[in-house]
Amino acid sequence: EDQVTQSPEALRLQEGESSSLNCSYTVSGLRGLFWYRQDPGKGPEFLFTLYSAGEEKEKERLKATLTKKESFLHITAPKPEDSATYLCAVPKGSARQLTFGSGTQLTVLP
Amino acid sequence: NAGVTQTPKFQVLKTGQSMTLQCAQDMNHEYMSWYRQDPGMGLRLIHYSVGAGITDQGEVPNGYNVSRSTTEDFPLRLLSAAPSQTSVYFCASRPRGGSGANVLTFGAGSRLTVL
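Going down the list, the protein sequences come from chains V and R.
For the first sequence, position 30 (counting from the first letter as 1) is numbered 32 according to my numbering, and the numbering increases by one without interruption.
For the second sequence, position 68 (counting from the first letter as 1) is numbered 103 according to my numbering, and the numbering increases by one without interruption.
Bound conformation, chain V alone:
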């Protein structure tokens, strides 16, 4: 069965303390891996799509990477405004509906 697992569940960082979030997946025939950011009380917002092992995407302090079994979201020198829940997802089925992991709640302390 296709599964998406994120770790850690929660992460607290000091401002400027770099770290990484993990998303591991078991999907036959990966057709992309998606990262979303979700702020409290809001819907998820799209960050990145990765399609092949070795691919990297960057946006400000965030960089997403992909291997054949997992993806990492690297956060460099985070700021308090980076605090959010980060979700990864993979498409499955004929309609490519997204299956989400349970997310990593990131808190960046000033």
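The hints are simulated quantities; they were obtained by calculation from the structure and are not laboratory data.
For each residue, glycine too, the CB sits at the ideal point set by N, CA and C.
Any given hint could be a false lead.
[Stated by the list, open to error] Just some of the chain R residues that point at chain V, by a computed CB distance under 10 Å:
{"no.": "1", "residue": "Gln41"}
{"no.": "2", "residue": "Leu78"}
{"no.": "3", "residue": "Arg79"}
{"no.": "4", "residue": "Val85"}
{"no.": "5", "residue": "Asp91"}
{"no.": "6", "residue": "Glu94"}
{"no.": "7", "residue": "Tyr99"}
{"no.": "8", "residue": "Ala143"}
[As the list claims (entries may be wrong)] When the alpha-carbon atoms are kept at most 30 Å apart in a straight line, the in silico DSSO-like pairs for lysine-lysine are as follows:
{"no.": "9", "chain 1": "V", "residue 1": "Lys94", "chain 2": "V", "residue 2": "Lys59"}
{"no.": "10", "chain 1": "V", "residue 1": "Lys70", "chain 2": "V", "residue 2": "Lys59"}
{"no.": "11", "chain 1": "R", "residue 1": "Lys49", "chain 2": "V", "residue 2": "Lys44"}
{"no.": "12", "chain 1": "V", "residue 1": "Lys65", "chain 2": "V", "residue 2": "Lys81"}
{"no.": "13", "chain 1": "V", "residue 1": "Lys44", "chain 2": "R", "residue 2": "Lys44"}
{"no.": "14", "chain 1": "V", "residue 1": "Lys71", "chain 2": "V", "residue 2": "Lys61"}
With the hints as your guide, set chain R onto chain V.
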């Protein structure tokens, strides 16, 4: 502003009551879907639609009905609410193809409490 609009934002129901969560998008997206989000369980797909007149079940469809009579609207109906349906519900849409395919745009969510 273009996007996905959900109503209501908050709703409290008693067990056994019925209600409809509304979802509308103005981006001419073919694909629309409903997710529920519960603590520790992430987003789980309830129902989805690939176009007007076409709907299908997701991971957790029991207790919910949907219909898609227009491209813009995708309402979610709770037929007889149960406490287990207490959750935050998100509607999302995306185009069928092109560079935006698979990139879901989410609404702000509807928080439902069933007593």
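Here is what the structure says about each hint:
| no. | hint | result |
| --- | --- | --- |
| 1 | Gln41 | holds, 8 Å |
| 2 | Leu78 | holds, 4 Å |
| 3 | Arg79 | holds, 8 Å |
| 4 | Val85 | holds, 5 Å |
| 5 | Asp91 | holds, 7 Å |
| 6 | Glu94 | holds, 8 Å |
| 7 | Tyr99 | violated, 15 Å |
| 8 | Ala143 | holds, 5 Å |
| 9 | Lys94/V <-> Lys59/V | holds, 22 Å |
| 10 | Lys70/V <-> Lys59/V | holds, 16 Å |
| 11 | Lys49/R <-> Lys44/V | holds, 25 Å |
| 12 | Lys65/V <-> Lys81/V | holds, 15 Å |
| 13 | Lys44/V <-> Lys44/R | holds, 11 Å |
| 14 | Lys71/V <-> Lys61/V | holds, 22 Å |
Hint 7 alone, counting from the list given before, is not met by this structure.
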